[in-house]
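Using the sequences and the hints, build the whole thing.
Below, each chain spelled out in residue letters.
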Amino acid sequence: MVNDVITAREIDVSVRLGKLELAYPTLMGSGCYGSGEEYAPFVDLSKIGAVVLKSVTRQPRLGNPTPRLVHTPSGMLNAIGLQNPGIEWYLEHDVAKFAQRPCTIIGSVAGFSVDDYAYTCEKLAARNEIKAIELNISCPNVASEGETFACDPNLTANVVRAARATTDKTLIVKLSPNVTDIASIAREAERAGADALAVINTVRGMAIDVDMWRPRLGNVTGGLSGPAIRPIAVLAVYEVARAVKIPIVGQGGIETAGDALEFFLAGASAISIGTANFTDPRVPLRIVDELRAYLAKRGLRSLQQIVGKANVGFANPHQYEGDEG
Amino acid sequence: MVNDVITAREIDVSVRLGKLELAYPTLMGSGCYGSGEEYAPFVDLSKIGAVVLKSVTRQPRLGNPTPRLVHTPSGMLNAIGLQNPGIEWYLEHDVAKFAQRPCTIIGSVAGFSVDDYAYTCEKLAARNEIKAIELNISCPNVASEGETFACDPNLTANVVRAARATTDKTLIVKLSPNVTDIASIAREAERAGADALAVINTVRGMAIDVDMWRPRLGNVTGGLSGPAIRPIAVLAVYEVARAVKIPIVGQGGIETAGDALEFFLAGASAISIGTANFTDPRVPLRIVDELRAYLAKRGLRSLQQIVGKANVGFANPHQYEGDEG
Amino acid sequence: MPIVSPLATIHNAIVTDRRVLAPGVVLLGFDAPDLVAVTRPGSFVMVVPPSGESAATALGVYEADGRRASILFFVVGKRTEELSRISEGEKIGVVGPLGNGFTIGSERDVAIVAGGVGIASVLLPAQAYVRTGARVRLYYGARTTELLVERERFAHEGCEVLVATDDGSLGHAGYVTSLLAQTDRRPDVILACGPTPMLRAVASVASDMHVPAQLSLEETFACGVGGCWGCVVPIVNTSAQAPSFPPAERNGSDVVYARVCKEGSVFWAHELRW
Amino acid sequence: MPIVSPLATIHNAIVTDRRVLAPGVVLLGFDAPDLVAVTRPGSFVMVVPPSGESAATALGVYEADGRRASILFFVVGKRTEELSRISEGEKIGVVGPLGNGFTIGSERDVAIVAGGVGIASVLLPAQAYVRTGARVRLYYGARTTELLVERERFAHEGCEVLVATDDGSLGHAGYVTSLLAQTDRRPDVILACGPTPMLRAVASVASDMHVPAQLSLEETFACGVGGCWGCVVPIVNTSAQAPSFPPAERNGSDVVYARVCKEGSVFWAHELRW
Ligand SMILES: Cc1cc2nc3c(=O)[nH]c(=O)nc-3n(C[C@H](O)[C@H](O)[C@H](O)COP(=O)(O)OP(=O)(O)OC[C@H]3O[C@@H](n4cnc5c(N)ncnc54)[C@H](O)[C@@H]3O)c2cc1C
Ligand SMILES: Cc1cc2nc3c(=O)[nH]c(=O)nc-3n(C[C@H](O)[C@H](O)[C@H](O)COP(=O)(O)OP(=O)(O)OC[C@H]3O[C@@H](n4cnc5c(N)ncnc54)[C@H](O)[C@@H]3O)c2cc1C
Ligand SMILES: Cc1cc2nc3c(=O)[nH]c(=O)nc-3n(C[C@H](O)[C@H](O)[C@H](O)COP(=O)(O)O)c2cc1C
Ligand SMILES: Cc1cc2nc3c(=O)[nH]c(=O)nc-3n(C[C@H](O)[C@H](O)[C@H](O)COP(=O)(O)O)c2cc1C
Ligand code: FES
Ligand code: FES
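Residue numbers (my numbering), protein chains in the order written: chain A, 1 to 325; chain B, 1 to 325; chain C, 1 to 274; chain D, 1 to 274.
Worth flagging that the hints you see were computed from the coordinates, not collected in a lab. Beta carbons are placed, not taken as given, at the ideal position from N, Cα and C, and that holds for glycine. Keep in mind that the hints are not guaranteed to be accurate.
Said to hold, decoys possible - Label-pair distances were calculated between CB atoms; the ranges are:
{"hint": "1", "chain 1": "D", "residue 1": "Asp254", "chain 2": "A", "residue 2": "Asp115", "range": "24 to 32 Å"}
{"hint": "2", "chain 1": "B", "residue 1": "Leu285", "chain 2": "C", "residue 2": "Pro195", "range": "31 to 39 Å"}
{"hint": "3", "chain 1": "C", "residue 1": "Asp208", "chain 2": "D", "residue 2": "Glu81", "range": "47 to 55 Å"}
To be verified - Over the 12 Å line for every Cβ pair with chain B, so calculated as not near, a few chain C residues:
{"hint": "4", "residue": "Pro33"}
{"hint": "5", "residue": "Arg108"}
{"hint": "6", "residue": "Leu170"}
Unchecked claim - Result set (BS3-like, lysine-lysine): computed pairs, CA atoms no more than 25 Å apart in a straight line:
{"hint": "7", "chain 1": "B", "residue 1": "Lys97", "chain 2": "B", "residue 2": "Lys123"}
{"hint": "8", "chain 1": "A", "residue 1": "Lys297", "chain 2": "A", "residue 2": "Lys47"}
{"hint": "9", "chain 1": "C", "residue 1": "Lys78", "chain 2": "D", "residue 2": "Lys91"}
{"hint": "10", "chain 1": "B", "residue 1": "Lys169", "chain 2": "B", "residue 2": "Lys245"}
{"hint": "11", "chain 1": "D", "residue 1": "Lys78", "chain 2": "C", "residue 2": "Lys78"}
{"hint": "12", "chain 1": "C", "residue 1": "Lys91", "chain 2": "D", "residue 2": "Lys78"}
{"hint": "13", "chain 1": "A", "residue 1": "Lys47", "chain 2": "A", "residue 2": "Lys97"}
{"hint": "14", "chain 1": "A", "residue 1": "Lys47", "chain 2": "A", "residue 2": "Lys19"}
{"hint": "15", "chain 1": "B", "residue 1": "Lys97", "chain 2": "B", "residue 2": "Lys47"}
In structure tokens:
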């Protein structure tokens with residue numbers, strides 16, 4: 001396809017999410033990477049696209065009772081419960097430190113009402129240290145018990161619209177896989193002004209201690225992450241990519257460049273790495289190196305050339321209308 | 001709790017699903033165990049609760065193009081596409097053979113309209129070889145593209161009511177996890193006359209071949225099964241058990257007695273084993289042996305004593321209202 | 001072709017020997033007299049993973065003699081990696097023998113084509129044909145010389161061995177199927193095992209030569225015993241290997257999907273519609 | 001208690017020695033001079049799994065001397081099983097040293113309590129206190145004699161070793177904490193590592209004795225470096241180890257969750273609210 005030799009170093013792996021330009025397509029998943037500082041001894045943070053901070057709420061939250069973690073086959077359940085000091089304390093004591101990080105910092109906002117989101121988003125987005133905002137709309141909506149914002153297209157639209165009105169910075173809306181039709185939620189988020197979508201948050205799950213006859217998590221239920229959910233996440237990205245035009249940050253079980261490529265080919269412009277950091281903190285940098293080698297081998301100059309290129313045009317003469325089962 | 005010693009052999013592991021009594025609580029998952037015959041050389045089928053047959057439809061179906069299987073972390077994706085000869089041929093050529101099986105045979109019915117389900121269910125349930133019917137309502141509803149019966153409470157109710165009208169035999173309704181609120185679907189199925197619920201069918205997923213830039217499955221998307229989905233399945237059983245009074249057949253990634261116990265404690269009266277048979281055909285018998293040992297050790301005489309006994313009464317003085325995140 | 005042996009069962013076999021034949025190529029011998037007794041040329045087994053955590057792996061029976069059978073595999077992923085860590089004295093679960101196997105007929109001149117790890121499934125049919133007095137020629141291809149494992153073994157068993165390497169480091173430089181196409185000697189029958197692209201090429205060469213070919217197919221398996229319909233390949237519905245299904249008059253298709261693990265793994269090339 | 005060493009990093013260490021101390025108890029020594037240089041008594045490491053497939057495992061640094069450090073672990077699940085299959089010469093990824101470690105003070109009489117695998121985290125503090133000239137007594141409990149691994153080593157290092165076994169096969173029959181409660185000698189400080197029920201018992205005995213106790217806690221970890229807030233334990237929010245959080249006046253709770261991996265893993269017993 002190309003005649004001249006491309007070296008891996010020359011390959012453009014940058015990505016643009018709304019107004020935000022990132023030199024690397026690798027975001028560190030919210031709640032998995034602290035504020036970046038925790039990983040600084042182990043990773044050259046200047047080679048990380050961005051760190052998405054742990055979600056912050058309007059009021060301080062002690063977080064869930066323990067245990068908060070369970071290891072499961074090829075994955076884990078967590079139920080941290082948004083432990084955070086609340087936006088006022090956070091702005092006062094924590095945010096200034098983020099300026100020193102050698103990588104882009106994206107804030108994450110969670111809430112329990114439309115007003116909460118707008119309030120916290122406005123305060124956080126106003127700070128220079130924060131380059132973009134991710135709306136974590138997959139936490140319980142206290143107004144309608146058991147439901148979450150990301151499970152309802154109207155609630156999604158309302159919260160995104162309210163947050164949008166508070167800032168011009170890039171707004172990433174993080175969707176939940178625990179819905180019948182993620183594409184319809186994605187469309188609402190786009191229409192309401194999201195610049196990008198994060199797909200997916202954790203999958204709801206539970207584990208039971210069969211000696212003690214009780215749930216293994218203090219919170220009873222939790223969110224499943226890691227390689228176990230990767231096929232679920234790849235499909236979600238694939239479906240959302242066909243429903244919207246804004247860029248997608250793909251996530252869920254990415255551990256290798258091969259995994260990351262599934263997400264890019266499915267339609268993600270960037271990826272996020274969470275649980276894999278718990279296996280090996282070297283994963284994010286290794287993935288970028290291997291992505292470059294993969295692209296170089298195929299004579300491609302830019303990562304964005306492969307986004308959404310999974311071809312579904314299978315020709316098979318023996319096919320009835322297909323389905324699972 | 002008890003003073004006399006109970007030996008494992010004396011323990012009652014039987015279960016009742018509607019009118020159906022099974023000596024063992026282990027069903028072999030539809031589509032995973034052929035018609036039982038395929039496993040007869042490897043397993044003493046008289047020690048299997050029941051085999052749920054591969055789903056049959058009104059018309060013959062060639063099934064999906066290949067590949068139909070992909071191995072994924074701690075699981076697999078399948079997209080078989082309900083390959084089957086159609087109910088007429090099935091009744092004529094296949095069903096008589098099921099009489100020879102030393103275990104209970106449960107038929108499985110899939111369809112593309114309410115009428116399809118009722119038609120196929122009536123024909124199949126009329127046969128003596130078939131002791132109960134499972135309604136697989138998690139395959140595409142051709143009438144509303146992309147949707148499935150199990151994703152809509154009204155469609156679920158309609159199809160269950162129609163099938164219920166055709167037979168007095170035990171009717172098990174198999175639910176999909178790919179919904180926002182599985183409990184509401186479960187309630188509709190119960191109200192419409194289901195005798196039991198099978199929870200859960202596979203989770204929708206996708207894998208991409210990053211060398212070929214195309215989906216790994218001929219059908220593009222598939223259903224995820226195996227240990228990877230166990231936490232999702234345990235939670236689904238737990239939520240459904242709190243919503244209905246009819247018995248639940250728990251399934252999704254069960255490989256050991258410990259896994260099975262999670263489902264019983266979450267509220268399942270019986271379990272179904274699918275993918276684990278592909279790891280080792282000895283799993284189903286081993287699970288029953290180990291369940292008996294577990295109960296004996298605790299002085300319990302019957303498996304049904306532990307159903308739904310996972311205690312969620314955690315006392316924690318430091319808890320705010322909890323959530324995931 | 002014959003149907004699966006009803007004597008298949010699960011063997012608790014002790015590993016008696018382990019050899020690394022080349023980097024990433026492992027041979028495990030194990031004690032399983034009951035398996036040996038009923039194994040046929042082309043039989044395969046499902047090997048239960050020691051951890052009990054991933055699906056069993058389909059592997060051809062390489063050797064079967066007396067009490068000892070063996071498997072020969074390439075480490076390509078998680079499961080074969082796990083099997084490669086098994087050591088002598090450990091117990092493995094072996095489900096089999098499975099599959100219909102090759103039909104050993106009265107042909108006098110037999111060509112066997114093996115690509116890469118396909119070699120694992122063709123020793124038994126080679127031995128069986130040699131025993132009938134047939135002339136057996138092995139066409140054996142691999143990426144590079146080092147991966148042409150066990151080629152002396154086949155010579156020792158009385159086969160004429162012709163090799164091809166992708167990198168030209170030994171024998172014919174290029175595909176083993178072009179070596180077959182160039183042959184001066186038209187065989188009476190062709191038996192082949194290897195990657196799917198190679199098998200397609202064998203089918204086309206065999207068709208050009210007007211020689212019947214038996215192909216041992218490889219597909220991703222789940223159950224390996226016919227229970228899941230996941231490993232299928234389209235064949236003409238008039239084939240003796242076609243599963244129970246309404247004929248074309250009743251459903252409009254003269255093709256039907258057969259299970260590689262149950263109706264196969266060996267099919268007649270001319271009956272495949274892939 | 002001090003904060004985590006800023007010199008923690010990821011070490012690519014070669015395994016130099018492997019010993020099975022008892023059935024299911026493995027000791028792995030490895031070459032990691034940079035780790036040894038900055039390891040403190042009570043430091044732990046996260047060991048990256050060779051397969052790269054499951055979460056890293058938190059393990060105490062057992063020995064640290066010259067170029068060599070070691071880990072000592074019980075095989076209890078998938079990850080420790082995988083680590084137990086590592087052989088000499090293999091490379092492992094070791095993240096650390098992590099955690100604040102024990103405070104080695106000027107106490108003259110020190111009681112160290114270890115339950116089961118807790119022994120892995122107490123050799124370094126024992127050596128450190130012996131070096132200060134303190135009298136160090138190890139109270140060491142396990143299910144059975146065979147699992148009281150390395151007890152001679154502690155004696156050899158200059159500790160007085162008192163043992164307890166659940167089955168009474170050696171030493172005191174019963175819990176090691178009742179042995180501690182019965183002591184004729186009130187120590188100046190107690191250091192403990194072991195299962196949570198044991199640590200709670202130690203806390204209660206220490207409180208009765210009016211002796212300060214440093215407990216090395218064990219929780220399920222994900223990141224091990226403070227990034228996920230999954231491994232927390234409730235402590236008083238006036239503790240020097242409390243994370244940045246509004247005080248009780250502002251949020252109504254005088255307790256806060258601290259990360260075992262980051263603010264711990266060693267806490268003062270009297271500051272815990274568990
Ligand atoms: C009937 C039958 C008989 C078989 N007999 C044998 C046999 O005798 N010996 C044998 O070795 N295999 C044999 N196979 C293939 C073997 O079953 C698969 O290779 C094995 O299941 C792979 O499992 P895995 O978990 O190690 O790899 P997986 O994780 O399942 O992935 C490996 C797959 O990915 C591809 N792949 C990944 N990496 C590589 C690579 N470096 N080179 C080539 N392909 C790659 C291949 O398609 C391969 O099948 C047989 C298969 C069938 C169906
Ligand atoms: C700071 C810190 C330091 C540690 N240091 C050490 C150390 O030096 N040596 C060491 O061996 N461990 C140590 N541990 C514990 C060790 O991290 C865990 O045991 C390990 O993570 C288990 O991983 P796994 O995948 O093998 O087991 P998992 O699959 O995670 O399950 C094992 C867990 O289940 C329970 N369990 C299951 N089977 C058994 C059994 N037979 N007996 C007891 N419990 C069982 C236990 O709670 C155990 O933690 C430490 C933990 C922490 C937090
Ligand atoms: C321990 C843990 C804590 C998390 N906390 C948050 C959070 O506070 N906000 C959020 O939006 N997502 C949170 N997530 C979700 C991750 O950011 C990510 O979307 C998800 O884990 C899937 O990716 P992974 O499989 O790479 O981890 C958390 C995940 C984990 C494992
Ligand atoms: C290969 C395969 C084929 C399946 N076919 C069917 C089917 O025809 N009808 C059905 O109701 N469920 C089908 N299932 C779903 C299983 O019966 C079961 O509900 C699911 O796999 C979860 O359980 P498991 O993790 O134990 O396999 C199939 C599953 C697999 C893996
Ligand atoms: S692998 Fe299941 S039918 Fe062949
Ligand atoms: S394990 Fe992640 S904060 Fe401690």
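Here's how the hints hold up against the structure:
| no. | hint | in the structure |
| --- | --- | --- |
| 1 | D/Asp254 / A/Asp115: 24 to 32 Å | holds (29 Å) |
| 2 | B/Leu285 / C/Pro195: 31 to 39 Å | holds (37 Å) |
| 3 | C/Asp208 / D/Glu81: 47 to 55 Å | holds (53 Å) |
| 4 | Pro33 | holds (17 Å) |
| 5 | Arg108 | holds (36 Å) |
| 6 | Leu170 | holds (27 Å) |
| 7 | B/Lys97 / B/Lys123 | holds (16 Å) |
| 8 | A/Lys297 / A/Lys47 | holds (22 Å) |
| 9 | C/Lys78 / D/Lys91 | holds (19 Å) |
| 10 | B/Lys169 / B/Lys245 | holds (18 Å) |
| 11 | D/Lys78 / C/Lys78 | holds (15 Å) |
| 12 | C/Lys91 / D/Lys78 | holds (19 Å) |
| 13 | A/Lys47 / A/Lys97 | holds (19 Å) |
| 14 | A/Lys47 / A/Lys19 | holds (20 Å) |
| 15 | B/Lys97 / B/Lys47 | holds (19 Å) |
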